[in-house]
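Protein sequences appear in the order of chains Y and F.
Letter by letter, the first sequence follows residues 1 to 114 of the numbering used here.
Letter by letter, the second sequence follows residues 115 to 226 of the numbering used here.
What the hints contain is simulated information worked out from the structure, not anything from laboratory work.
Among these hints, one or two may not hold up.
Calculated lysine to aspartate or glutamate pairs in the DMTMM-like style (CA-CA distance at most 25 Å, straight line) [what the hints assert, rightly or not]: (1) K159/F / E44/Y; (2) K163/F / D56/Y; (3) K159/F / E18/Y; (4) K191/F / E129/F.
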Amino acid sequence: NAGVIQTPRHKVTGKGQEATLWCEPISGHSAVFWYRQTIVQGLEFLTYFRNQAPIDDSGMPKERFSAQMPNQSHSTLKIQSTQPQDSAVYLCASSPGLGGATQYFGPGTRLLVL
Amino acid sequence: GDSVTQTEGLVTLTEGLPVMLNCTYQSTYSPFLFWYVQHLNEAPKLLLKSFTDNKRPEHQGFHATLHKSSSSFHLQKSSAQLSDSALYYCALCRNNNNAPRFGAGTKLSVKP
Chain Y
1 NAGVIQTPRH
11 KVTGKGQEAT
21 LWCEPISGHS
31 AVFWYRQTIV
41 QGLEFLTYFR
51 NQAPIDDSGM
61 PKERFSAQMP
71 NQSHSTLKIQ
81 STQPQDSAVY
91 LCASSPGLGG
101 ATQYFGPGTR
111 LLVL
Chain F
115 GDSVTQTEGL
125 VTLTEGLPVM
135 LNCTYQSTYS
145 PFLFWYVQHL
155 NEAPKLLLKS
165 FTDNKRPEHQ
175 GFHATLHKSS
185 SSFHLQKSSA
195 QLSDSALYYC
205 ALCRNNNNAP
215 RFGAGTKLSV
225 KP
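Take the sequences, apply the hints, and build the full model.
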């Protein structure tokens, strides 16, 4: 089991450019989550999917951020017109369920917007 | 809405001393509580999670007791080790329809 896979591990973009982050969840897991991690804010919930359907995107900034899960093997987080304040580690996690189920995190994508 | 509070941003201890990291929560439900640990340059990993039958979960010498009366799930260990230095997150999950919510995290630094 390779665990949750995230690509790229590091990404540097210029202000105003687009960034697409990829996540491959653990096979068989029904829930996929996206978090943003910074020193100041800690782990911020962004959005999650269950059985590929978007369930809760209450943590997503309303503009510029979007997430999709076109099939059960991958999810993408897209940030349009990136800004320096978007610089963070973006973590993807998958889980076999919700409630008391354990989340398994990927290694994260470190995004730096210059 | 649900929330998790970790009051300490940084806890510094000498090796061998007891560890206690605070976690309190607010929820109108009876949620599941978790502790995740993140070592430097690694992904967060589950350390402990609460049981529904009030048993006390233990792992790697750490334990935590869910106290519904005080809405707390403090993390404890009798004797800190250098390898315990890491970032610790307390998290809450209400039920099967909601994503877990995390506290701000507590950085534990254990010195020789």
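Hint by hint, here is what the structure shows:
Our distance criterion of 25 Å between C-alpha atoms is met by K159/F and E44/Y, whose separation comes to about 16 Å. This hinted pair checks out: K163/F and D56/Y have alpha carbons roughly 23 Å apart, not beyond 25 Å. In summary, the hint linking K159/F to E18/Y is not supported, as the alpha carbons are separated by about 30 Å, beyond the 25 Å threshold. For a cut-off of 25 Å, the pair hint linking K191/F to E129/F stands: about 12 Å separates their Cα positions.
Going through the hint list in order, the structure does not satisfy hint 3, though it satisfies all others.
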